[in-house]
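K.L.:
Chain residues, written in single-letter form:
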Amino acid sequence: MKRFIPVALCALAAIATAGFEQEPRARLVSVSEHDYVELTAAAKQRVATMAGRGEAPATVINAIRAVPDSLAREAQWSAWLDSLKAAHLLDPVEIETLETLAGHSAQVGIPHHEFPSRTVPAFQVANRAQVLMARDTARRRAVELADSPEQLTAALDDGPGSQEFATGLLALEIASSATLSEVVSRYRFGQPAQAGDAQVVLKVAKTDAAFMYLLPEIIEFGDVASARNAIRVAVDGRVAMLPEVAAKALDRPELGGLALTAAQRAGMHPDRFCWGLLDNPSLGADAARLLAAHSAELIDEVRHRVESASRPARMRMLLALKLRDSEEARELLAELAGASWLTDQQRREVRAWL
Amino acid sequence: MALIRRSGTFAICMLAAICGSYVYAQVEFRYTEEANGGNQFVLGYPPPEPVDSAVPLDGFRAYSSLHARHQDLMLQSERVTGEIIGSTILGREIWAYAIGDEDSQTINAGPESSALINGGIHAREWGTPELTTGLIEAAVENAGDSYLYDFLNDNVHFVVVPVNNVDGFVQTQRYPTRVLVGADPNAPQSSPRDGRMRRKNMRDVDEQLATLGDHLLGIDLNRNNEPFWALSASSSSNRDSLVYHGTNSFSEPETRALMAAAELAGEQRLRWYEDVHSFTQVLFSVRTFKPRRNAIQSQLLSSFTRFHDALSIERHDVSRVYPEGPNSIGSGIGVTAEYFGYEYEIPSWTLEIEPRQSAAEYGGLGAEHDGFILPDSEVARLREDMALTHALLAYRQAGPPSVAALELIDSRGTVVHAARWHYAGDGLRELALIENEPLLPGFEYTLRVSFDKPMRWADDGVPRQAPGHQVPLEPAIVLRTESGGSHAVDTAAGNWLGAPDEPFVHYRFDTFETKFIAPLDPVMFESGQLTMEIDAEDFTEQRLDADPATVVDWQQGAWRGYENSSGQPRDSGGTDSTLTVRIAEPWEARLWLLRRGR
Chain V
1 MKRFIPVALC
11 ALAAIATAGF
21 EQEPRARLVS
31 VSEHDYVELT
41 AAAKQRVATM
51 AGRGEAPATV
61 INAIRAVPDS
71 LAREAQWSAW
81 LDSLKAAHLL
91 DPVEIETLET
101 LAGHSAQVGI
111 PHHEFPSRTV
121 PAFQVANRAQ
131 VLMARDTARR
141 RAVELADSPE
151 QLTAALDDGP
161 GSQEFATGLL
171 ALEIASSATL
181 SEVVSRYRFG
191 QPAQAGDAQV
201 VLKVAKTDAA
211 FMYLLPEIIE
221 FGDVASARNA
231 IRVAVDGRVA
241 MLPEVAAKAL
251 DRPELGGLAL
261 TAAQRAGMHP
271 DRFCWGLLDN
281 PSLGADAARL
291 LAAHSAELID
301 EVRHRVESAS
311 RPARMRMLLA
321 LKLRDSEEAR
331 ELLAELAGAS
341 WLTDQQRREV
351 RAWL
Chain P
1 MALIRRSGTF
11 AICMLAAICG
21 SYVYAQVEFR
31 YTEEANGGNQ
41 FVLGYPPPEP
51 VDSAVPLDGF
61 RAYSSLHARH
71 QDLMLQSERV
81 TGEIIGSTIL
91 GREIWAYAIG
101 DEDSQTINAG
111 PESSALINGG
121 IHAREWGTPE
131 LTTGLIEAAV
141 ENAGDSYLYD
151 FLNDNVHFVV
161 VPVNNVDGFV
171 QTQRYPTRVL
181 VGADPNAPQS
191 SPRDGRMRRK
201 NMRDVDEQLA
211 TLGDHLLGID
221 LNRNNEPFWA
231 LSASSSSNRD
241 SLVYHGTNSF
251 SEPETRALMA
261 AAELAGEQRL
271 RWYEDVHSFT
281 QVLFSVRTFK
291 PRRNAIQSQL
301 LSSFTRFHDA
311 LSIERHDVSR
321 VYPEGPNSIG
331 SGIGVTAEYF
341 GYEYEIPSWT
351 LEIEPRQSAA
361 EYGGLGAEHD
371 GFILPDSEVA
381 RLREDMALTH
391 ALLAYRQAGP
401 PSVAALELID
411 SRGTVVHAAR
421 WHYAGDGLRE
431 LALIENEPLL
441 PGFEYTLRVS
451 FDKPMRWADD
461 GVPRQAPGHQ
471 VPLEPAIVLR
481 TESGGSHAVD
491 TAAGNWLGAP
501 DEPFVHYRFD
511 TFETKFIAPL
521 DPVMFESGQL
531 TMEIDAEDFT
541 EQRLDADPAT
551 VVDWQQGAWR
561 GYENSSGQPR
571 DSGGTDSTLT
581 VRIAEPWEAR
591 LWLLRRGR
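Which chain is which? The protein sequence lines are V and P, in order. Going by our numbering, the residue at position 198 of the first sequence is 198; the numbering climbs one at a time, nothing skipped. Going by our numbering, the residue at position 234 of the second sequence is 234; the numbering climbs one at a time, nothing skipped.
Worth flagging that the hints you see were computed from the coordinates, not collected in a lab. Mixed in with the good hints, there may be bad ones.
Residues from chain P that face chain V, not an exhaustive set, calculated with beta carbons under 10 Å [what the hints assert, rightly or not]:
1) 39
2) 56
3) 57
4) 65
5) 209
6) 211
7) 329
8) 331
9) 500
Just so it is clear, the structure is predicted and the values come from calculations on it, not from any experiment. Yeah, the Cβ is synthetic: ideal placement off N, Cα and C, and Gly gets one too.
Make the full structure from the sequences, and use the hints.
P.N.:
Below, the structure is given as structure tokens:
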């Protein structure tokens with residue numbers, strides 16, 4: 001059994017008013033790291049024990065409220081908040097308690113991880129209570145929305161940035177396939193997506209694999225962030241249409257290196273698609289990186305291509321040789337370092353690699 | 001220990017069960033988005049994974065991509081040069097990148113000043129390599145703006161070490177969700193170590209998370225520095241400690257590489273240093289025994305704080321205050337910022353990026369150490385906002401503004417009077433004058449005064465105050481006689497040159513133009529000479545160097561050559577009264593008009 005040492009006795013009892021604390025009401029009691037560990041462990045154990053006994057939420061909450069030592073009480077609130085993370089929907093008494101805790105002033109201070117002479121709040125009870133309340137509210141609303149396609153579409157029409165839109169996305173996670181189909185049917189295929197459309201369709205695709213066929217569409221017409229996320233979903237999920245995803249992604253250079261990852265995962269060898277991308281401002285560096293890692297003919301190809309390549313492509317060929325980090329590559333770099341098309345600055349930098 | 005290495009987690013857990021309550025086994029935990037059983041730290045958002053993309057995105061780039069990006073920018077842009085400043089414990093190159101033009105001279109003030117920014121010294125603080133890389137990217141993307149970034153390119157030698165602890169950073173990215181808990185000497189039950197939460201370098205550490213015997217080892221590179229090495233309880237001689245300071249100061253190749261970066265920056269020209277860390281959203285500044293330096297540092301950091309907060313409100317409707325947390329003078333814990341602060345007597349600080357307390361600020365659930373795990377969705381914003389904030393800092397610490405030139409143009413478009421300061425070497429400027437004609441009382445002139453830096457913030461081509469700063473939009477200009485008579489030029493009707501399609505001198509908004517009528521009051525032309533009193537502040541509220549003849553520079557912890565209105569060298573500047581212009585009496589004016597007629 002770990003002993004619980006009343007923190008009021010063992011704390012350094014220094015009242016910290018750290019210069020960078022912005023909450024004028026917050027007066028932290030600074031405890032040592034050791035005491036913090038003891039405090040936390042004891043709190044976790046107590047809350048876990050109550051939960052293990054199957055105590056009702058109200059009983060647990062009242063037991064914590066009754067803890068006389070304010071520092072120990074705060075630690076137990078923190079442990080209690082942890083215990084709510086896995087809960088799907090919260091009990092009314094839990095919500096009521098969270099509302100109270102949302103206004104909680106931090107009590108326990110611990111040394112800052114970098115500058116231990118400074119004290120920072122240990123438990124972030126108020127912030128976490130607010131987050132749990134917000135998540136619970138969103139989940140409840142999402143359940144409503146998922147059961148009502150009309151309300152769901154109205155929420156999604158509120159657009160990105162709105163709370164309703166965010167909740168609508170959450171609702172998609174629990175909506176029926178029929179509802180998802182209805183949502184998708186509103187999407188205007190083959191046209192640039194309106195704000196939020198791509199996020200909605202991507203969420204549908206992530207929720208139900210039957211809609212993964214939409215990924216290429218998102219990549220072609222969605223906003224940049226959604227298109228990138230769609231590539232990541234396709235790559236991580238190794239979806240069947242990865243070649244199509246890759247093709248669409250390569251057509252949108254602003255999506256960056258993820259397009260190349262998709263192409264590679266789709267089974268395309270970098271030698272097939274990277275050489276032509278070397279002068280692309282958004283994809284060239286990644287193309288060089290992939291060639292360095294995978295091209296069996298890198299040295300010969302560079303030798304063959306470099307003189308006729310554009311200036312950016314030449315630089316990326318040099319970069320590929322540098323990243324290859326082999327004796328053969330260094331030999332060619334040494335040779336190319338004398339090329340007339342290098343500026344003095346570039347020559348210095350290439351020579352620094354040797 | 002060999003047994004543990006072979007048999008993995010199961011044996012470790014068994015060991016824990018066998019041992020007493022104060023001996024904790026080393027158990028692998030994972031960061032997850034949602035609670036789904038097992039040893040987890042539940043973030044409430046997807047644990048970021050490194051992405052193979054050289055170009056920036058909403059998330060963290062893999063080190064290989066970041067490095068490719070740096071090298072690519074170095075080769076593709078004339079504004080970026082790179083140099084290997086050392087190699088890590090495991091032999092990886094450590095690079096520094098200098099941003100700026102090829103020469104080492106400012107436009108009109110002699111040798112350039114320099115700044116040094118260090119990132120990624122603590123491996124788990126993934127936001128910092130993104131921030132430092134963002135500084136380089138912003139400089140390249142904004143090249144040719146004829147404004148802030150061109151000014152910095154011309155006048156500042158800006159050196160960035162994007163990733164100092166390369167080995168450690170690569171190690172954290174190798175295990176982006178995995179950590180070990182159970183053996184930290186201070187907080188064995190809760191403190192995650194190695195894997196995603198490695199902080200130290202990789203001395204005596206292999207790259208396998210499963211080999212537990214070495215996972216607490218390594219040196220805390222931010223405890224390895226003079227002048228306060230091993231002098232504080234905030235560092236440790238315990239090799240297992242998170243803050244192990246090493247066997248001697250600067251024992252590590254990574255810390256020595258930073259000294260090489262200072263040489264690259266030009267040690268004599270350094271004007272500020274920043275070490276970028278995560279988290280708690282604060283600026284831990286280093287105060288030394290020089291009060292003037294400390295005051296200048298606080299003013300600089302006040303600019304940081306106000307600008308970044310106001311920018312964040314403007315762009316995202318969210319306040320993000322980075323308060324200054326100054327240290328106690330004469331003490332320290334061995335961090336790099338202390339070394340630069342005391343060794344070079346320059347403003348020097350540790351920047352702890354957001355969040356302020358935990359990732360609950362982004363809707364996270366408050367998992368253990370989640371402040372080190374910025375959600376993917378926050379990365380681009382952080383990178384872009386911080387790039388601009390750092391550009392502002394570099395702009396301010398490039399030095400206070402001074403008057404560069406003045407022209408008076410009559411209604412025919414003829415320049416009747418021109419004055420221009422030229423750098424003459426040895427920290428001095430000389431004034432070149434062209435006087436074609438005195439001011440003629442009652443006649444209208446265009447007055448054009450140029451400064452040596454952009455003076456107003458640009459918002460879609462419109463001059464305005466910089467976020468968080470209160471500067472009168474127009475300079476104050478007064479014509480004054482020797483006897484004290486004065487005539488204020490109405491500058492409210494004037495404008496800063498540099499709007500789209502409008503000509504300007506060096507940079508947008510470095511020149512102010514207004515019209516005025518030469519005074520008719522006899523008091524104003526009785527001596528035949530008027531002093532032009534010019535008072536202005538740059539967009540960070542730095543007042544003019546009142547005497548441009550002595551170039552402002554940084555020396556021993558304070559500004560040198562930064563005169564106030566009385567000509568005294570201080571750190572606050574004042575009104576420039578160095579320029580005079582002749583004014584004719586009415587009878588003489590008639591002669592000038594006759595001469596014009598011919």
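K.L.:
All the hints need checking, so say for each whether the structure fits it.
P.N.:
Going through the hints against the structure:
1. 39: For residue 39/P, the interface hint is violated, since the closest Cβ of chain V sits about 14 Å away, which is over 10 Å.
2. 56: Since the shortest Cβ distance to chain V is 8 Å, the answer is holds.
3. 57: Given a least distance of 6 Å, the restraint on residue 57/P holds.
4. 65: holds (6 Å)
5. 209: Result: violated, 21 Å to nearest chain V Cβ.
6. 211: violated (25 Å)
7. 329: violated (13 Å)
8. 331: holds (9 Å)
9. 500: Violated - the Cβ of residue 500/P stays beyond 10 Å from chain V, reaching only about 25 Å at its closest.
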